[in-house]
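Colleague: Given next are the chains, with one letter for each unit.
2 protein chains.
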Amino acid sequence: MKKHQPTILVVNDDGITAPGIKVLIETMQQLGRVVVVAPDSPQSGMGHAITIGKPLRLDTVNLYNGVEMYKCSGTPVDCVKLAVNRVFKGAKPDLCVSGINHGLNHSINVLYSGTMSAAVEGAIEGIPAIGFSLDDYTEEANFAPSAAYIKQIAQQVLKNGLPQGTLLNVNFPKTTDIKGIKICRQARGKWAEEFNERMDPYKRPYYWLTGEFQLNDQGEDTDVWALEHHYVSVVPVQFDMTAHHAISLLNGWKFESKI
Amino acid sequence: MKKHQPTILVVNDDGITAPGIKVLIETMQQLGRVVVVAPDSPQSGMGHAITIGKPLRLDTVNLYNGVEMYKCSGTPVDCVKLAVNRVFKGAKPDLCVSGINHGLNHSINVLYSGTMSAAVEGAIEGIPAIGFSLDDYTEEANFAPSAAYIKQIAQQVLKNGLPQGTLLNVNFPKTTDIKGIKICRQARGKWAEEFNERMDPYKRPYYWLTGEFQLNDQGEDTDVWALEHHYVSVVPVQFDMTAHHAISLLNGWKFESKI
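Residue numbers (numbering that gives the first Met the number 0), protein chains in the order written: chain A, 0 to 258; chain B, 0 to 258.
These are calculated hints, taken from the structure and not from any lab test.
Hints are not guaranteed to be accurate.
What the hints assert, rightly or not - Here chain B is said to cover these stretches of chain A; the calculated rule only asks that three of the stretch's residues, wherever they fall, bring their Cβ under 8 Å from a Cβ of chain B:
| hint | segment |
| --- | --- |
| 1 | 21-32 |
| 2 | 38-44 |
| 3 | 49-57 |
| 4 | 130-143 |
| 5 | 148-159 |
| 6 | 200-209 |
| 7 | 230-244 |
As the list claims (entries may be wrong) - In silico DSBU-like pairs for lysine-lysine, Cα to Cα no more than 35 Å straight-line:
| hint | chain 1 | residue 1 | chain 2 | residue 2 |
| --- | --- | --- | --- | --- |
| 8 | B | K173 | A | K53 |
| 9 | A | K189 | B | K91 |
| 10 | B | K189 | A | K91 |
| 11 | A | K158 | B | K189 |
| 12 | B | K21 | A | K91 |
| 13 | A | K189 | B | K21 |
| 14 | A | K150 | B | K21 |
| 15 | A | K202 | B | K21 |
| 16 | A | K253 | B | K253 |
| 17 | B | K21 | A | K53 |
| 18 | A | K178 | B | K21 |
Beta carbons are placed, not taken as given, at the ideal position from N, Cα and C, and that holds for glycine.
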């Protein structure tokens, strides 16, 4: 009997020519049939943005021998939507992987990250989904040490699936001596912005967004802790954003029942 | 003793000239000092996008008598970041309200919505935050019936605060006969995309994102149910996206501890 060959959708937010997606494609080719739909330009920080005010382009491209690839003019989430609707035409892939992102997406960054939002969109579509990111922002970032872990994690997800409404956020530390994999929760923290103010040649100010991550969490069960201790962090993520624990408190508030 | 006058940051995603933000400004003026920082152009569907590849503009504008207003060239989340850092300069406002959005943001739309993402960013900054949206997509949408409810809800939040890490997602039904307020959870559902394919004058295809909302939830405790039954839906939202219930399951997966 012929074994079922899984179909794997590969997306990212750094764009289709990024080195991180190349490593992800090569790793997924060991597990099944790969289809790539990725942005034609960098889309970092696009979060869960979709394109509604202008039309989208979706064109085939031939970068790596024999790999079915499409570049899209939209956001990472647009890529997943176009993949599901126009490339797979409703025949869902068995797995959606996003990345490998050039830079970390731990903690609160799950919200800002195009890489993670593409994976979230895959999960919303009912596809088991994983986002991968590496703690290295340099041009010569080495994505190779992550590959063996990516393969293991993807194999587990292909074998076991994921609980309904969840996906995985996987981050890799910057080290050649990875200690192993840790299942974590999202650390509490936020970016402290410091807008860099400059003057244009017409003496009008403009601002560059910069900032520093502030960790407000001493827990040893967080993704930030795991990464600092050279572990691969795996956070199960859900897209039900309801704060269920706050419902009873709000039910105690007194509103005029009808105005 | 003089009563403390709260400071209220007003943002939106439909842009600073939208009719919905005008109603929100007027309502908030009854409760405190209003400062508006809103996008200079429509930013619907921008989700939690931030601008990192290009600089931002932030300029004062005088639309409504005596109201401190700024227009920003970025996304709704950029507006909140610039407000906190450049307008308030660290002195946090007492409340952040976003909207009133021209169209619903129930259920999964909390992820795609610029209106809600601005409120989420306010909450990340530690500011009690509320997003408001109206089920009316027409040009002549009537935001006025929502105003009395907005005032009540904002007053409660100013009085009681909100549990740490949470904010409110408030949606208004399209009716002149609102039945009251219901505290809800986010309904399960998703958009079923139908990309509209067209040909440009050069015979190359392009795609418009369209779609229909698919409700996969029969619960009577959801925001969709409340709106369909002419209630104002109030969903407490959190930005910890960890699927805590999935952690123990994932801890049962067998990984090679070190590769």
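Colleague: Each of the hints needs a verdict: does it hold here or not?
Modeller: Outcome of the hint check:
no.: 1; hint: 21-32; in the structure: violated (count 0)
no.: 2; hint: 38-44; in the structure: holds (count 3)
no.: 3; hint: 49-57; in the structure: holds (count 8)
no.: 4; hint: 130-143; in the structure: violated (count 0)
no.: 5; hint: 148-159; in the structure: holds (count 5)
no.: 6; hint: 200-209; in the structure: holds (count 6)
no.: 7; hint: 230-244; in the structure: holds (count 12)
no.: 8; hint: B:K173 <-> A:K53; in the structure: holds, 27 Å
no.: 9; hint: A:K189 <-> B:K91; in the structure: holds, 15 Å
no.: 10; hint: B:K189 <-> A:K91; in the structure: holds, 15 Å
no.: 11; hint: A:K158 <-> B:K189; in the structure: holds, 25 Å
no.: 12; hint: B:K21 <-> A:K91; in the structure: violated, 44 Å
no.: 13; hint: A:K189 <-> B:K21; in the structure: holds, 30 Å
no.: 14; hint: A:K150 <-> B:K21; in the structure: violated, 52 Å
no.: 15; hint: A:K202 <-> B:K21; in the structure: holds, 31 Å
no.: 16; hint: A:K253 <-> B:K253; in the structure: violated, 50 Å
no.: 17; hint: B:K21 <-> A:K53; in the structure: holds, 26 Å
no.: 18; hint: A:K178 <-> B:K21; in the structure: violated, 55 Å
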